[in-house]
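Asker: Once you've looked at the hints, dock chain B against the given chain A.
In case you want the letters, here they are:
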Amino acid sequence: MKISEQEVRRVAELANLALTEDEVVRMTRDLDGILGHMDKLNELDTSAVEPMSQVLYDAEETATLRADVERKTLSNADAIANAAVSGQGYFKVPRVIEK
Amino acid sequence: MNHTIDSIRTDLLAKKVSAEEIAREALKFAEAENSKTNAYLTFAPERALAAAQAVDRKIAAGEDPGPLAGVPIAIKDVIVTRGLRTTCGSRMLENYIPPYDATAVIRIEQAGGVLLGKTNCDEFAMGSSNENSAFGPVRNPVALDRVPGGSSGGSAAVIAQGTAVLSLGSDTGGSIRQPASFCGVTGVTPTYGRVSRYGLTAFASSLDHIGPFSRTVRDSARLLQVMAGRDEMDSTSASAPVPDYVAALDGNIRGMKIGIPKEYFDGLAIDTGDLIQAAIGKLQKLGCEIREIRLPHTAYAVGCYYIICTAEASSNLARDDGVRYTTRSSAAGTLQEMYRQTRDEGFGAECKRRIMLGTYVLSSGYYDAYYLKAQKVRALVAQDYAQAFAQVDAIVGPVSPFPAFKLGEKVDDPTAMYLSDIYTVTGDLAGIPCMSVPAGKTAEGLPVGLQVLANHFNETTMFRVADAFERVSS
Chain A
1 MKISEQEVRR VAELANLALT EDEVVRMTRD LDGILGHMDK LNELDTSAVE PMSQVLYDAE
61 ETATLRADVE RKTLSNADAI ANAAVSGQGY FKVPRVIEK
Chain B
1001 MNHTIDSIRT DLLAKKVSAE EIAREALKFA EAENSKTNAY LTFAPERALA AAQAVDRKIA
1061 AGEDPGPLAG VPIAIKDVIV TRGLRTTCGS RMLENYIPPY DATAVIRIEQ AGGVLLGKTN
1121 CDEFAMGSSN ENSAFGPVRN PVALDRVPGG SSGGSAAVIA QGTAVLSLGS DTGGSIRQPA
1181 SFCGVTGVTP TYGRVSRYGL TAFASSLDHI GPFSRTVRDS ARLLQVMAGR DEMDSTSASA
1241 PVPDYVAALD GNIRGMKIGI PKEYFDGLAI DTGDLIQAAI GKLQKLGCEI REIRLPHTAY
1301 AVGCYYIICT AEASSNLARD DGVRYTTRSS AAGTLQEMYR QTRDEGFGAE CKRRIMLGTY
1361 VLSSGYYDAY YLKAQKVRAL VAQDYAQAFA QVDAIVGPVS PFPAFKLGEK VDDPTAMYLS
1421 DIYTVTGDLA GIPCMSVPAG KTAEGLPVGL QVLANHFNET TMFRVADAFE RVSS
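Listed in order, the protein sequences are those of chains A and B.
Per my numbering, the very first residue in the first sequence carries number 1; after that it's consecutive.
Per my numbering, the very first residue in the second sequence carries number 1001; after that it's consecutive.
Wrong hints could be hidden among the right ones.
[Claimed, not checked] Which residues of chain B face chain A? A few of them, derived with a C-beta cut under 10 Å, are: (1) N1038; (2) A1143; (3) V1381.
[Stated by the list, open to error] Covered by chain B, according to a simulated footprint, are these stretches of chain A (three or more residues, beta-carbon under 8 Å): (4) 61–68; (5) 83–90.
Treat the hints as calculated values from the structure; they're not laboratory data.
No residue lacks a Cβ here, since even glycine has one placed at the ideal position from N, Cα and C.
Just chain A, same shape as in the assembly (with noise of 0.2 Å):
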């Protein structure tokens, strides 16, 4: 087995995901098939390679630079319209802090 049921909870918590008991049995499995494919990788010698995180392009440092200049951003009103909950212009979450 490359992951546990036990990895699989640990992995759930760091990506704030409530999975149930059914869930983390299936994800156990499925995981364990995708990671064992993954595992083909290292039949490559990659210790010369330099990582590719980006697809790059020969550019001006500064190519990607604009003026520095105000422009208008969303409103208090638009940006909070999608909000779950929301009040006094702001997001609203539960509470954080106890007095």
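Answerer: Only chain B this time, still in chain A's reference frame:
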């Protein structure tokens, strides 16, 4: 609807029909036909009619109505549209009304395009069959018991069904080319950075592309022409000049060197292999020089792709937390419980699988073994193409090992579903332009696409090959 961009333009300028009449007819037809395929999730009649009327006013005033004047267009529901619900195929965003338009959408509407509505897709563009949509699967218009492919299944289906003239999809590992192949239409993944990703809901940012679907190669070239080019809202968008794609489409590809990767012909369904071989024969008859080439790291591409895309997805989807845009679980207690319950209820099985996988490969102790290793293998896959394009102008091969499969046939085996992406993930990893063009049908009547790939920013070569092939095959 059998319109093309050119036929609509001709009819509009000859005053045979108005853009409003075209839009009304298109909306009526698309709404009536939608129950067959479930390809549209949302229609935008007011927006469509307003855009069409604006085109009509320009024509009446003798002004240029724009290169996409009056053309009915559908947009994949992972691309945001101001004031128009954008769900990403997810319960998480079933009520999300974006406050802004994607750059691609802005450019299409400025060019006179008429946005009909938003198309169904796999949840957050994760899937190869469109069965991962929270709003039900899309059915393939060619064979209604089969999948349209994914993740841009709805955008491919509307073209095959004739319920839009153009559509936009997104491609991270094959999500434009594979459904184009399954539905028998043209689908294009441009060079990474050629089209701004601003307003494309992020799945895997280093791999995500917006690209066109259409019935003809020429129409895809025209749509890309409108969208391509630098956008200051996307720092990864390329500033390279955009050539005139359509001007180069003269049907003459004599002397062009076409590479056939040996690795792309292992394990193809028999009919698929036969159709691709026949297509290569046609290219040879057109005067192309056919050369066998090697892309030796192809077998490692799927593993590499699913490490990188899930790692990026697990980061990108962290924002779906019940606070700013998404639904929120009503079972919420503490903040932490609220996040977890919201994400458990809001995401479907495939999204959870990918978030889990991505979190795992990035987690302490596994980062080097998986994520860093995959980034190095990505460099090798890209190097394969760089070496190939030193010898050939374009590469052709299959898009998918098999044609459209039946709904439900592959849902229980995620590894097998991932492995079927083998011929499409490589192009995304390298960031090169690639497309699917119809190459005929199997004995069962199922479409098969020919994939055409070219070097970075060489869309013109890719379109020329696909267009010349289309002229002799349709």
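Asker: A separate judgement is required for each hint: does it hold in the structure or not?
Answerer: Verification of the supplied hints:
For N1038(B), the shortest C-beta to C-beta distance to chain A is roughly 25 Å, which exceeds 10 Å, and the interface hint is violated. For A1143(B), the suggested interface contact is broken, since its CB lies about 28 Å from the closest CB of chain A, more than 10 Å. Hint status for V1381(B): holds, given a least beta-carbon distance of 9 Å to chain A, under 10 Å. Closer than 8 Å: that is the beta-carbon criterion, and the stretch 61–68 of chain A has 3 residues meeting it against chain B, so the requirement of 3 holds.
As drawn, the stretch 83–90 of chain A meets chain B at 3 residues by the rule of a beta-carbon pair under 8 Å; at three or more, the given contact holds.
Figure legend: structure checked against the earlier numbered hints; hints not met, in rising order: 1 and 2.
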